[in-house]
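Please build the complex by placing chain D on the supplied structure of chain C, with the hints as guidance.
Protein chains in written order, with my numbering: chain C, 1 to 151; chain D, 1001 to 1151.
No lab work stands behind these hints, which were simulated from the structure alone. One or more hints might be untrue.
[Said to hold, decoys possible] Output of the computed footprint for chain D on chain C, the stretches with three or more beta carbons under 8 Å from beta carbons of chain D: (1) 38-52; (2) 56-63; (3) 69-81; (4) 91-98; (5) 118-124.
Heads up, the beta-carbon is just placed ideally off N, CA and C, and yes, glycines get one too.
So you can see what is in the structure, the chains are spelled out below.
Protein chains: 2
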Amino acid sequence: MTLDHARLHAAQALDLARRAAALGEVPVGAIVVHQGRVVGQGHNQPRALHDPTAHAEIMAIRAACIALGTDRLTGCELWVTLEPCAMCAGAIAHARIARLYYAASDPKGGAVEHGPRLFHQPTVLHKPEVYAGVGESEAAALLKEFFARRR
Amino acid sequence: MTLDHARLHAAQALDLARRAAALGEVPVGAIVVHQGRVVGQGHNQPRALHDPTAHAEIMAIRAACIALGTDRLTGCELWVTLEPCAMCAGAIAHARIARLYYAASDPKGGAVEHGPRLFHQPTVLHKPEVYAGVGESEAAALLKEFFARRR
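Here chain C stands alone, though its shape is the one from the complex (with noise of 0.2 Å):
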């Protein structure tokens, strides 16, 4: 992983999300990397699709698991524009990412570093490496951005 990397992973998350925004959604978005190739992404986008659980980790599992033809996505990364929830950090132990990259903390929503921190939980089945503010500020803006056109 070179600071390249880093950068594009991190900014195609980023594209992601702001698509979401661009469809009213909240802008959160999220890829899946296989060896250094994006196998799956997603953004989230529960009211077009009328679906609680389409939050962009999901959506961008779902589709890696589709592409690579498995439930395991043993080896890959998620990168991804926000501190996942609780459902989400949970499909992330399940789908058994090896590493997970997120942008902005979200210390109302967040589980990885806020509230049940599941990842530290004695019973949890998987626990990724995770890395947390890699391309924090463009993420953490667009999002503050978004709510504050809402209001």
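For chain D alone, kept in the frame of chain C given last:
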């Protein structure tokens, strides 16, 4: 809610769990009930679908949301044969399920009365009423038999 209704819904969820077992998937079944009517159902099928998020609860919630044309299941009940994991408990909160009924406890993977006890977290965005143990013995026996056969 009469005792007959409780027995009926627990039996409906158990039938779906049996369907999962017949397909070689971990036997968990779930239904979503709206005003006494089943509006969504699902069983575990992560292997068949290549989808680690395809737990019974997620399948039932997604089906109910499509059926009702919404991403909020306000006023709905979820009946499931096993204590939900963190992913599914998170989905239940996102879907705004009013009442959760589960049959068997899951000390290893459960996240309602075990592990992160998600609905007791101060940051949880929605907390359903929770009723445990309806139809517990049949649901637990089905799981026990399934895992005994796999050994």
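Q) Are 3 or more residues of the stretch 69-81 of chain C near chain D, judged by a Cβ distance of less than 8 Å? A) holds (count 5)
Q: Please count how many residues of the stretch 56-63 of chain C have a CB within 8 Å of a CB from chain D and say whether that reaches 3.
A: holds (count 3)
Q.
Tell me whether the statement that chain D covers the stretch 91-98 of chain C is true, taking a Cβ distance below 8 Å and needing three residues at minimum.
A. Our answer is that it holds, as 5 residues pass the Cβ test (under 8 Å) against chain D, meeting three.
Q: Report holds or violated for chain D covering the stretch 118-124 of chain C, Cβ cut-off 8 Å, minimum 3 residues.
A: holds (count 5)
Q) Would you say the stretch 38-52 of chain C counts as covered by chain D, given the rule of at least 3 residues with C-beta under 8 Å? A) holds (count 6)
No hint from the list above goes unmet by this structure.
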